[in-house]
Amino acid sequence: MQSDLLSDAISNQRRSEKRRWSVIGILLIVLITSFVLDIATGPSLLNVKEVANALLHLIGFSVEVDPTTKVIVSSLRLPIAIMAVIVGGVLGVGGAEMQTLLNNPMASPYTLGMAAAAGFGAALTLYFGSLGLNANVAVPLGAFVCCMLAAAFLFALATMRHISSGQLILAGIALLFLFQSLLSLVQFVSSPELSQQILFWLFGSLSKASWSNLSIIAGITSVCMFFLIRDAWKLTALRLGEERAKSLGVNVSRLRLKTLFIVALMTATVTSFVGIIGFIGIVAPNIAKMLVGEDQRFFLPLSFLIGAFLLSSASVLSKIIVPGALFPIGIVTAIIGVPFFFWLILGKRR
Amino acid sequence: MLKVNKLNVTLDTLTLAKDMSFSLDPGKVHVIIGPNGTGKSTLLKTLFGDIQPISGEISFLDPLNNNHNLIKRKQISRWREQFGYMPQDIRLDIELSALEVVLLGQLDSLGLRLDDSLIKQALTALEKIGLLHLANRPVNKLSGGQCQMILFAQALMRNPKILMLDEPVSALDLHFQHVLLDHLDTQTKQQGWVTLMVLHDLNLAAQYADNLLVLKNGHVVASGHPSDILTPALVKEVYDVNAEVTKDSYGIPFIRTIRPGFTPQKLILQPQHLQPKRTVCL
Chain A
325 MQSDLLSDAI
335 SNQRRSEKRR
345 WSVIGILLIV
355 LITSFVLDIA
365 TGPSLLNVKE
375 VANALLHLIG
385 FSVEVDPTTK
395 VIVSSLRLPI
405 AIMAVIVGGV
415 LGVGGAEMQT
425 LLNNPMASPY
435 TLGMAAAAGF
445 GAALTLYFGS
455 LGLNANVAVP
465 LGAFVCCMLA
475 AAFLFALATM
485 RHISSGQLIL
495 AGIALLFLFQ
505 SLLSLVQFVS
515 SPELSQQILF
525 WLFGSLSKAS
535 WSNLSIIAGI
545 TSVCMFFLIR
555 DAWKLTALRL
565 GEERAKSLGV
575 NVSRLRLKTL
585 FIVALMTATV
595 TSFVGIIGFI
605 GIVAPNIAKM
615 LVGEDQRFFL
625 PLSFLIGAFL
635 LSSASVLSKI
645 IVPGALFPIG
655 IVTAIIGVPF
665 FFWLILGKRR
Chain W
790 MLKVNKLNVT
800 LDTLTLAKDM
810 SFSLDPGKVH
820 VIIGPNGTGK
830 STLLKTLFGD
840 IQPISGEISF
850 LDPLNNNHNL
860 IKRKQISRWR
870 EQFGYMPQDI
880 RLDIELSALE
890 VVLLGQLDSL
900 GLRLDDSLIK
910 QALTALEKIG
920 LLHLANRPVN
930 KLSGGQCQMI
940 LFAQALMRNP
950 KILMLDEPVS
960 ALDLHFQHVL
970 LDHLDTQTKQ
980 QGWVTLMVLH
990 DLNLAAQYAD
1000 NLLVLKNGHV
1010 VASGHPSDIL
1020 TPALVKEVYD
1030 VNAEVTKDSY
1040 GIPFIRTIRP
1050 GFTPQKLILQ
1060 PQHLQPKRTV
1070 CL
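Quick note, the sequences are listed as chains A and W, same order.
Residue numbering for the first sequence follows our numbering, beginning at 325 and increasing consecutively.
Residue numbering for the second sequence follows our numbering, beginning at 790 and increasing consecutively.
Pulled out of the complex, with its shape left as it was, chain W reads as follows (with noise of 0.2 angstroms):
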């Protein structure tokens, strides 16, 4: 269990955290989302260790050997080595083939020479999302949702206990959308991770997350499951955009956005002549 107790952060003189306290259970897809600027990233960075709160206590219970321990400048990469964690940014702009880069996952085994087992590792990594024909091509002649399945691939081999995963389908096309998400689904059950990650579409996060943290100015305004929290009032409090929220066949809410200044008179107002006609035989 990642745990967060509360936690202070500003950067510059923007205030990014303010006592926020949560704790995230294993095996268990959380995903956060909010608004521009409002420190989902930050967040992220925090739990990794790579931004020092102002104050705060953030802690890690190991659930396979009852392990506690805690967030320390000093042992920052024993932290660390409890996470896979995939950045925002998805540019990969270095000569080397997608399995070198997925290899480098494992980059506290790489030696000299590379094992023909962990060689079979990344390329099993590859295969299982759907991308095992791209193996020994040069990465920076891919696109850049291939990129950023190839650096899915490349967190996944680091085996973790927490997988944080900042934007992870920002540029994918809606079928590796699910094939990332459904993977990492399935992975985080099977293997007990703490998957924590940052979603900006909220009918994804909703088929997705077994547990979703919404945060606003520095706050988690709402926690919970999905069907539980997602309503039209708190998607116009946080994003300040109107919403209907429905449930589609399966009981999963479905969030229909609603363009600014649009009245339902518009849809009765049309002109006749539009109307289909309807005829009656007899």
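Next up, chain A with everything else stripped away, as it sits in the complex (with noise of 0.2 angstroms):
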């Protein structure tokens, strides 16, 4: 009878494990069909099979590919769709393990100022006409700059002892304001012209994606990728409570700083390469724990996966939304992300 009982958890368990890995699955599907789609539209918009078979073809499937498909897709579009999914998730995932580690909801990049300090960093750079250097290495390196910077200093608070996370939160909320202000004092003292460049960075675009800075984005994100999913039993210990963890063995503090780190550098990266993308460091993960949990072997890539979606189908309606002309990203994540926030909330109100 109570062996019973015992197989019977056992079971039921391992369904739970199928139901979340299946959860996974499914929004790798439905990441796929935005993938497809952000493909296939544009300025000429594409038949979707041909698209497909334009990608099989480019992962060496023996497929027939009219050539000119073939070159819009392999050589203008792709990487476009590719950074979407990449950055999505990065902000996905940087997201979720804020939220990790600061034991609230609210926290993200984004209102922990590291978004606010990129973009001033930008417009630092195109201030000063890029300091001579390549406009396109000179300013993500100035956004990717001055967010580590936001980011050392959240750093160094939170090594000190006795400062709890609401604190931390605080004082990455005033830094967000601070970088605000310090980015319209820029936009002030800049020419008209200088101002709207400003601007349009700051309204985030994945155009500026190429094979190269793709590389680099891909690169960095899998190694940190890979660092976050070997903590995963930690980072989940770590949302008992932080003596709760310490007292399960885990070295909260070391943890906390090399997760910061980690989120640091792969939202820095991100950020400076397609500007600020909001919202989405939010949405994703609190999404993803109404579906899986917080268990971080399902919670950490449903994020990313989440994420991954948000930004790619963001990037599909920008392009519809006025045909012929690309709608800034950044714009419709937040238009899309708001109602969708509200109705999160005001659902787990039960």
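Hint data in this document are derived by calculation from the structure and do not stem from the laboratory.
A few of these clues could be false.
Capping the alpha-carbon separation at 20 angstroms, the derived lysine to any residue pairs in SDA-like fashion look like this [unchecked claim]: (1) A:Lys-342 / W:Arg-902; (2) W:Lys-861 / A:Leu-670; (3) A:Lys-342 / W:Lys-863; (4) W:Lys-917 / A:Ile-334; (5) A:Lys-342 / W:Leu-907; (6) W:Lys-930 / A:Asn-428; (7) A:Lys-613 / W:Leu-901; (8) W:Lys-917 / A:Leu-670; (9) W:Lys-930 / A:Met-614; (10) W:Lys-863 / A:Ser-577; (11) A:Lys-532 / A:Phe-550; (12) W:Lys-930 / A:Leu-670; (13) A:Lys-342 / W:Glu-884; (14) W:Lys-930 / A:Leu-615.
Assemble the dimeric complex from its two separately framed chains, guided by the hints.
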């Protein structure tokens, strides 16, 4: 009788694991769909089947492809579509881990001022005429440096004893305001043309994607994801509370610093290349939590997939809202994100 | 044997341990009692290496291999491996099942795929304290007492040499208080753990402690077997509360505290008409 209950509980556990794997599987299919649609939409609308054929051809299948389609797909649209997936994923994971570390569903690299810092860095670089460097290198570099500076400040706070996660969030929000005013200051003293340029950078755009910057982002992202997944159980334990995590043998301060560094690195990298894209960092992890709970083995990959899907579908929308024109993607994500977020918060009331 | 020698701990300006020395034998349940804010939790945290003492020595002699080791800042993780520690806070605001929370007790053995044997071990831990039926339920939907029991199972999962529990029965009903403490007692004796827990209920302490440590103002003011040291004078000294200490029918001290300002005269001066009348039949 008792052993029946025991094996029931085991099979229940296995079933719930299987369910969560299938959620991840379904999201993967949904993501691939929006990825293909993302490639198909644009100034010249491509046939979805043609796109799929071109993609299959690119990964080594021998399928007949129209040469023009192949060129459009491989050299124009594929880098942008992949960029959308990786950037969205990174923002999702960044938010997920910030929320885990700080034990607060409001935390994300964006709300903690890291994105604003990147924006300020980019604006400053533009203001100083890219310091004589190529703007395509200098601007991301400036954004990256500033973003890491903001992270370093949070980092220094996190190493202090007796600082609670609530205080850390407050400090992050203060940083957000600081960098936003600094950014406004730079815009205020700039010429109208320059101000326009800064504004455009801030909107966020995937169109700067190229195979070379894509490879940097993909490389950094996969290394970071590897280290995060390796700590999956420790991060799960951290959500039980710091004291309890310590009691389970987790070196909390080291884990906190390590994860903060990884998240900062990932966020700074993607933000420096695509600009500020808000909201995914908050929304994606919260959806993931509702779907699979907080076992990081599932929570982490699903946050990535949902973030990737959100940005990828926002990219599709940004191209079809005004046919023939590219709507800034940073604006689209917030516009879809906000009603969705409200639905999420209100739905949780029960 | 866990040994503390001339320990001094202060937090901010508060002295919580003054030249404190004691040693705790394995296979026994040691219970700390004492007034609020006297440093009971701080003492546990210091033993765990979470709070650094100003001076003093904490060491552990493993009875199994006669391995003697001292607490050192540099090797704090190795020191902590010997511990199962259940902090006071019992809130579990996380989307995990009870089973998964218990599994976290074996954090170092968890991989991306969970072993059947590990799951079985966690379920057995739950079964022994009568909570198997909650295994697959999300913990953020459970009651405080249920969470406390689950966290107890988690602490046991660590297979500790030293088990420290900070007010482990604070949210439990009568039934689960005894389930937890009884299980703790049997396991401590079976596995030879050094078990150290903070309790507030003197009667529970009297029933389950093999050794009682009474803390006040940074000193151990009394220690020993409950029936040897629990007296009205001690309760008065430590808590400033009047009490009667009698022996129950099992010979265990029973502490009855008396409300302040209560005088026995009130009992005697009851109105005549409320007293039961006795009629004698001839």
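Verification of the hints:
1. A:Lys-342 / W:Arg-902: 12 angstroms, holds
2. W:Lys-861 / A:Leu-670: 50 angstroms, violated
3. A:Lys-342 / W:Lys-863: 42 angstroms, violated
4. W:Lys-917 / A:Ile-334: 16 angstroms, holds
5. A:Lys-342 / W:Leu-907: 18 angstroms, holds
6. W:Lys-930 / A:Asn-428: Answer holds: Lys-930 of chain W to Asn-428 of chain A is near 19 angstroms, not above 20 angstroms.
7. A:Lys-613 / W:Leu-901: Given pair Lys-613 of chain A, Leu-901 of chain W holds - Cα atoms ~18 angstroms apart, limit 20 angstroms.
8. W:Lys-917 / A:Leu-670: 40 angstroms, violated
9. W:Lys-930 / A:Met-614: Status holds; Cα separation ~14 angstroms.
10. W:Lys-863 / A:Ser-577: Status holds; Cα separation ~14 angstroms.
11. A:Lys-532 / A:Phe-550: 26 angstroms, violated
12. W:Lys-930 / A:Leu-670: 19 angstroms, holds
13. A:Lys-342 / W:Glu-884: 17 angstroms, holds
14. W:Lys-930 / A:Leu-615: 16 angstroms, holds
The structure is inconsistent with the numbered hints 2, 3, 8 and 11, although it conforms to all the rest.
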